[in-house]
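**Q** Quick mapping for you: the protein sequence lines, in order, are chains A and B.
Under my numbering, the first residue of the first sequence is numbered 1, with each subsequent residue one higher.
Under my numbering, the first residue of the second sequence is numbered 1001, with each subsequent residue one higher.
Read the hints as simulated data drawn from the structure, not as lab findings.
Ideal Cβ placement from N, Cα and C applies to all residues, glycine included.
Please note that the accuracy of each hint is not assured.
[Claimed, not checked] Below, in silico cross-link-like pairs of lysine-lysine (PhoX-like), each with a Cα-Cα straight-line distance of 20 Å or less:
no.	chain 1	residue 1	chain 2	residue 2
1	A	K200	A	K221
2	A	K70	B	K1007
3	A	K123	A	K200
4	A	K7	B	K1070
5	B	K1007	B	K1123
6	A	K63	B	K1399
7	A	K70	B	K1200
8	B	K1123	B	K1197
9	A	K7	A	K197
10	B	K1221	B	K1200
11	A	K197	A	K221
12	A	K123	A	K197
13	B	K1197	B	K1221
14	B	K1123	B	K1070
15	A	K70	B	K1070
[Stated by the list, open to error] Residues of chain A placed beyond 12 Å of chain B at every Cβ, according to the derived structure:
no.	residue
16	A76
17	G229
18	H236
19	H252
[To be verified] Quick look at which bits of chain B chain A covers, simulated, 3 or more residues with Cβ under 8 Å:
no.	stretch
20	1029-1039
21	1095-1102
22	1156-1167
23	1207-1220
24	1330-1341
25	1372-1381
26	1413-1421
2 protein chains.
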Amino acid sequence: MSTTSTKPPSGTRDFLPEDVRRRDYVMRVVREVYESYGFEPIETPAYENIETLLGKYGEEGNKLIFKILKRGEHEASGEADLALRYDLTVPLARVVAQYQSELPRFFKRYQIQPVWRADRPAKGRFREFYQCDIDAMGSTSPVVEAELLGAVSEVLIRLGFNDFVIRLNHRKALSALLETAGVPEALQGDALTAIDKLDKIGAEGVGAELLTRGVSPAATKACLDFFTGITTEMPHVDSALQRLRTFVEKHHAGPGAVDELDTIVRLTDGGPGHGRIRIDPSLARGLSYYTGAIMEIAVPGLQGSMGGGGRYDTLVGMFLGRDVPAAGFSLGLERIILVMTERGMFPESVTRVPMDVMVTFLGDDLRSDALRLASELRAERLRVELFPDGSRKLDKSLKYASSRNVPMLVILGEDERARGEVTVRDLQTRQQQAAPRATAARDIARRIRIEAT
Amino acid sequence: MSTTSTKPPSGTRDFLPEDVRRRDYVMRVVREVYESYGFEPIETPAYENIETLLGKYGEEGNKLIFKILKRGEHEASGEADLALRYDLTVPLARVVAQYQSELPRFFKRYQIQPVWRADRPAKGRFREFYQCDIDAMGSTSPVVEAELLGAVSEVLIRLGFNDFVIRLNHRKALSALLETAGVPEALQGDALTAIDKLDKIGAEGVGAELLTRGVSPAATKACLDFFTGITTEMPHVDSALQRLRTFVEKHHAGPGAVDELDTIVRLTDGGPGHGRIRIDPSLARGLSYYTGAIMEIAVPGLQGSMGGGGRYDTLVGMFLGRDVPAAGFSLGLERIILVMTERGMFPESVTRVPMDVMVTFLGDDLRSDALRLASELRAERLRVELFPDGSRKLDKSLKYASSRNVPMLVILGEDERARGEVTVRDLQTRQQQAAPRATAARDIARRIRIEAT
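Generate the whole structure from the sequences, applying the supplied hints.
**A** In structure tokens:
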């Protein structure tokens, strides 16, 4: 009859119960760790006024924003006044500007919500995806970056990851480096876009792209020499810092930026991020609002990053009119789940249907008592399924119980009722026994609790 | 500098930490109860293909749907191809049609997600709001309605509501009633819209509107006589059923519908909804997809309902081509929170900042050790705040600790370090004492656990 497609829109997904349980498990760990680091939850609307978002994510970002049509008589104009949230950072900056008098001067928040980007869907890349963000507003201390890296590292460790690497760089070191190599300021944005692809298209590809974008041959060579030297070797943090320091030592902002990186590395020692940091001067991060340290987390076998972040000391100022120092990190929920699924990292218990007992009845006359028994069992804090179409034939009930992996079935029948009893069947062993109806809920609850221990 | 407004868009809200904690508390109770009734979680995308939504909510509903502009080169067309989720029921029907082979034949799901409606904002009415839905697909048994009412009643009881009323009606009883009163089928939709306003605009208002909409004076009088008689008295369930039965007994579908209502009432006895049902033949429910029993929950002092639902046996058929019987109930999160806030029903513990201890340090040389101590404390499963701008002057740290209601402060200073100690200050009693640095984390954890018991 209808020809409406029943698939979810391109780049989005429906989550069936097992999917939701996996997602909830990861989000629960994320939330627990973030809270143990003192981050507090906030939530913002799914859409923002369109001008809040435009101009914050660079030219590429602007194109990927989902825009919402004006409503009512203005719908015909074809204009948009609202847009779906593109990340959680810009809304946070707006929130900090709006509620500054209510928030502590040093404010740490976490936020786990979906964002939407009209990107081309690919493996691990969706148009609707969840970000798990932590941000600290109001401090320039590198302790903030160390705590961010500690928190996200602890999340990954608790989820079972032991091979992740933190790539660390600094926006000011990066522009010192480009300037030193001879890339003029006007071309630095273009150059960053090219260099960001180093692990995807290789040194040759980056070199070609730099030349195409107007970078001089000498500057291109200087960049490539530096980057291939430092990244292909993946040297020890200290020697990478030293190499970077030597390269930018003449630049006015170079040594300061390298010092900051050095401090962040030192402060991460002894915490959960210990030993996982690699200095990666080719790391650029796409978003335009970063001003200081930038970082990304990678795991072997995953194209792209599992999360990233950095310091952005001027973004709040775009809303507030005065700057508020800030830094944050965003873990990508879908990437984490993708890798955990591929590697079989979910504990078996996560996807199990949380069901203790199912009640069924043999005929309509017993419906009321079945509902009452289900209530009594729930009052014992059990999770209880009630099969609504009970009939003299048990096969439907049994089939359903097995599809839900219910461990125990309670059957209410006429004969049992005449004897003041119910039948309790263990669906694993298929053994069954009679139990007095009057004390059935208490008896069953006791039995389940004993089995659980 | 910028003139961008920092307010959230009209009809939406930002949730600061205390708000989120209140919302999480309610959602946790909802989720626990829904799971104890055997409902399983699903989630669907925030937006659907626009044709999935159009035509499902009646003419009024179509106008309130947020539409998303096409992207890229098609953006200039001003056309929309996607639309924000308007409720959770239509997406569920799509999901059931799409994944029928993977889902059990009898499928119970819950879903707690936001929906968006371009309604005029008012008290308790937002453009972005959360629905907490349960639905059971695949059974025509009235046990389903009884379980739905049991589950939502138990949610409300657990949250502390003791004065809610369940209004129950039946779409087929309602049309039998209108037909018997002399309202022709073509005018019944209009008549329902008018009658639905009975508690808002009174009998006189409804009468005027019925006449305006073309209902004959005789039919209008018959309707009003019946409705004012039955609703103003709010009679006992049995006498209301009897009155309704007498009125529609000649209609082909009347007695059957009244029997169904009767059964649902009986089956609810002894469960959490016991004694809360009122038969209300004026209840119409706006959405067009209902086919059987319809219900709403009201509490004194709240304009409108706290939730509602009903049976919709043909909606899945719009996607699947064959009907799947279904019934559901949706609790409105914001309405629940509104009433709970007005009545002071939230436990005090809900909004407390979950923080055990804060670490601060007197000068940059101690940052590393502060980070290490924070890690050690977190390894003890404590929730730990670290003040990033520690300095010799303690006042900033103290001010921040007090803004977060932190109960205990650990201070790392040069003198303490020289002695191998830290200072532990109780921020309630303001007493402080020295503790050995080496065992500080364990000692503090033990102390906090003793205080908690």
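**Q** Which of the numbered hints above does this structure break?
**A** Numbers 6, 7, 9, 14, 16, 22, 23, 24 and 26, in rising order.
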